[in-house]
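**Q** As a plain string of letters, each chain reads:
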Amino acid sequence: MADNKGVMILIETIDGKLTNIAQELLGAGRKLANDLTEELSALVVGSGVANIAGEAIAFGADKVYIVDAPLLKDYRTDAYVSVVDKVVKQANPRILLMGQTTIGRDLAPRAACRMATGAILDCIVLEIEASTKQLLMTKPVYGGNARAIYTMETLPQVATVRAKAMTALAPDSSRKGQVVVIDAGLDPAAVKTNVLQKVVAETTGIKLEDASVVVAGGRGIGGPEGFKQLEELAKVLKGAVGATRPPCDAGWAPDTIQIGLTGKIVSPYVYIAVAVSGASQHMAGCSGSKNIIAINRDAEAAIFKEARFGVVGDWKKIIPAFEAKVKELQSK
Amino acid sequence: MNMIVCIKQVLDPEAPLSSFKIDPATNTMVPVTAVPFVISPFDEQAVEAALRIKDAKGGKITIISLGVNLLRDVVKKPLSLGADELILLEDPAFIGGDSWSTAYALAAAIKKVGQFDLIFCGRQAADSDSGQVGACIAEILGLPQVTVAKKVEAVDGKVKVDKVTTDGYEVVEVPTPALITVSNELGEVRFATFKGTMASKKKEPIIWKPADIGVDPAKIGAAGRRTKTRKLFQPVRDSKCEIIKGENDEDAAANLAKKLVEVKLI
Amino acid sequence: MDFDYNDEQKMLKQGAREFFEKECPKSLVKQMMEDEKGNPPELWKKMAQLGWLGLIYPEKYGGGDGNIIDLIALEEEMGRACLPGPFFSTVLLGGLFILHNGSEEQKKEILPKIASGQLILTLALTEPSDSYEASAISVGAKAEKDDYIIDGTKLFVPDAQIADYIICIARTKKGTKPEDGITAFLVDRKSPGITVTLLKTLAGDKLCEVIFNKVKVSKKNIIGKPDQAWGPLQETLQQVKIAQCAEMVGGAQRALELAADHAKKRIQFDRPIGSFPVIHHLIANAMMDVDACKFLTYEAAWKYSEGLPCAKEIAMAKAWTGEAYQRTAAMGHQVLGGIGYTMDGDMHLYFRRAKSGELTLGDGKFHREVLAKELGM
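Protein chains in written order, with numbering that gives the first Met the number 0: chain A, 0 to 331; chain B, 0 to 265; chain C, 0 to 376.
What the hints contain is simulated information worked out from the structure, not anything from laboratory work.
Mixed in with the good hints, there may be bad ones.
For lysine-lysine, the following DSS-like pairs were computed, each having C-alpha atoms within a straight-line distance of at most 30 Å [claimed, not checked]: (1) Lys326(A) / Lys237(A); (2) Lys324(A) / Lys263(B); (3) Lys45(C) / Lys9(C); (4) Lys20(B) / Lys163(A); (5) Lys230(B) / Lys30(A).
Could you build all of it, start to finish, from the sequences and the hints given here?
**A** Here you go:
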């Protein structure tokens, strides 16, 4: 335990490139490693992923561990936990970070458990405590109503990090680093998951996470027809439509546009919350927005405490009139 | 199908924020006015997932809940919906833990329950939001896991699960026994019928203490924590909202459009 | 003394609260006030599926074998939700009357259909004199071979416009006392000679004028003993009143909550209005009023469930609750100020229901007379 050193990032790739969150993690990891005066390494797990090493180094890694095997092509819990366990035993990092992604939220707790350590998921702030060299991990709790700071004495300290919570470094292709290939050493019989099918929801238009304008509907929309109105407005504003949890649970909007603590995290320039109460669960997903506009018939709704501008009234009357005026002003 | 569902009693997460304050001594949120207790919402979905399999394939559902001051009219709710048995790990030694020490105790209880095909957990608890107990139980018991499920189907010694992903979902299959964590995308939970509610009167909860499930006292509850809570705080919100008015809703809407264009937001 | 519901009743109550929050939003309530039928079919069906319509009936008639305390746990939540629809008329007024007085055949014919949501029933009692005294029954039923001919006007008959059957309380004989000679008839609403006119009421509840113009009814359709319906009817009404009080308790509780919540949040004169002593006292008065209603109702229900005499307790509960609910809603309007005055707000829903609850089945004055008689005056 005494010789655990360095920060390791499990990085995910998409179409042969680092995902946004991987870049952000490397940025965060770089700072932590600097604060510790220790190394930053990246762990790449997959099939046909070896050539990501250069990009990982450019974004801040000093060393890249590659575990490449056909069995690792799709994420499967048993395979990835086994690989992480093996690499960590070899590399002995002080800190292991992953994105709070489909993979991270499944892998981190189990891998931590296997390694007889703990994990903290969905961190939004990571800091080294100078006196102890311990990692201070801050995450939202109580549905986003509060923040908790955690530490652990077991090593490695495992954490997953929320998307857009950290900042990527500008890539520097002149950076040099070491590449270490590790054999996966997997027993296929031990990998119990069978991936049968991958279904990607159809997104027409702008992707929610990338939109600079988001129009989100809440419980007050009352039904699927209301969301069609919001789609129209989003189109006019060249944005995307989102929803809080209740409309998704009720089937008025697809689950993939649910914004919130357990849904999508968005940080657009403009976030128009229509008939949204402003519960913390939802705000956790959109509080990074630069400007929140609230429309709600309840003057005391929590959303008005988060918004920059607001209108108190019936969205059914407000949205069409708003859209019409916007179109009018746009045409000038 | 023998199924086990782990549920946690929490303070109602829907209660207004003003009902709570932070207790720095325990680093927990405590109520300042009467706040009702409920079952953590994702755990209710875990119960629903098990009930749907019981509807389709028959079987037995055992509910396990760890805590203290477990209100019977809260934790018995799954019985009124169709679950068969309720086991309470009700002892101060069990509480104050983190995901690891809680999962350790739950796993020991599950071992004592005996044969099972599926374990269901909510994806994360409404208070801690830590999201790990399920995976830790699966690791301790050496079971395959599928997390963040929106649909679960039992299929001959296996379970087929629609697992939520960023862009949609994946359909995966694991052999049973297995552990599944459930997310709200599963859909709405059912309401209890009157008969179901009254029938739960006959199902008395079974209470297990640490000695009953053979756990190492150093590994449960607060004693068994791997993580430490340093601080609990509330972020300060101090934004000032400008309410745009008008003669009526339509007029206010038009004024809002004008304002947003004026400040170059659109 | 345990004044609380048991665990199962608490689960029933909480489940009902969540159900109505989802299925019976105030927007639906307001819509139903204008609607001619006033009974959203999906909601009625779901309540049937949950076993709530048959809750109080024995299992052998398709019911849930519930007792009156189970019923009032549910009623409180119905009051909180301002539930529209014919629960009062069908399940309680009509259904309980048949349960207690009908023949085995009538019970088997009617009650399972009520429990499954397939039958709407009501009971026509009051007449244009709008009195609950036996002497007010003037609608006559004249024997003619194997039938009776009913003639006269009933007023304020709940849900007659959607009812499949109307139980008509009619005078068949002139006895020595006004209570004698009254008979209950189960009448098919589609019988020739019946005219139903829906009234526009203050609470949006569906009350009707029902004119019986020489309506022929078979004597087989008499419920209970001919000429002796009044006593049994009053017995049934005792149980109905308890349920009605519970509904009002739920509404009053909610009106109080809305007022208190608003007082805590509303800032005027640089402070929450709830920080002013005047508001403290208004809220405290309402708290005492609401608890008084609650415990009078609970006591009446408990005694009824134990088979103990409870005419006094029921009279007190009815007299007090009808008036206390109104005081609470009026206080609610005061505290809510301008916003409480608008139709967009919800307080007026409670205010209206408080008035209608007071008047239905005898107001405070009526029941004070009952109380005085209990003390031998």
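**Q** Hints first: check each against the structure and report whether it holds.
**A** Status of each hint after checking the structure:
The hinted pair formed by Lys326(A) and Lys237(A) meets the criterion: a straight-line CA distance of about 12 Å does not exceed 30 Å. About 15 Å separates the Cα atoms of Lys324(A) and Lys263(B), which keeps this hinted pair within 30 Å; it holds. Restraint check: the Cα-Cα separation between Lys45(C) and Lys9(C) comes to about 20 Å, which is no more than 30 Å; the hinted pair holds. Using a Cα cut-off of 30 Å, the hinted pair Lys20(B) and Lys163(A) holds, with the two alpha carbons roughly 29 Å apart.
For the proposed pair Lys230(B) and Lys30(A), the alpha carbon gap of about 23 Å is at most 30 Å, so the pair holds.
No hint from the list above goes unmet by this structure.
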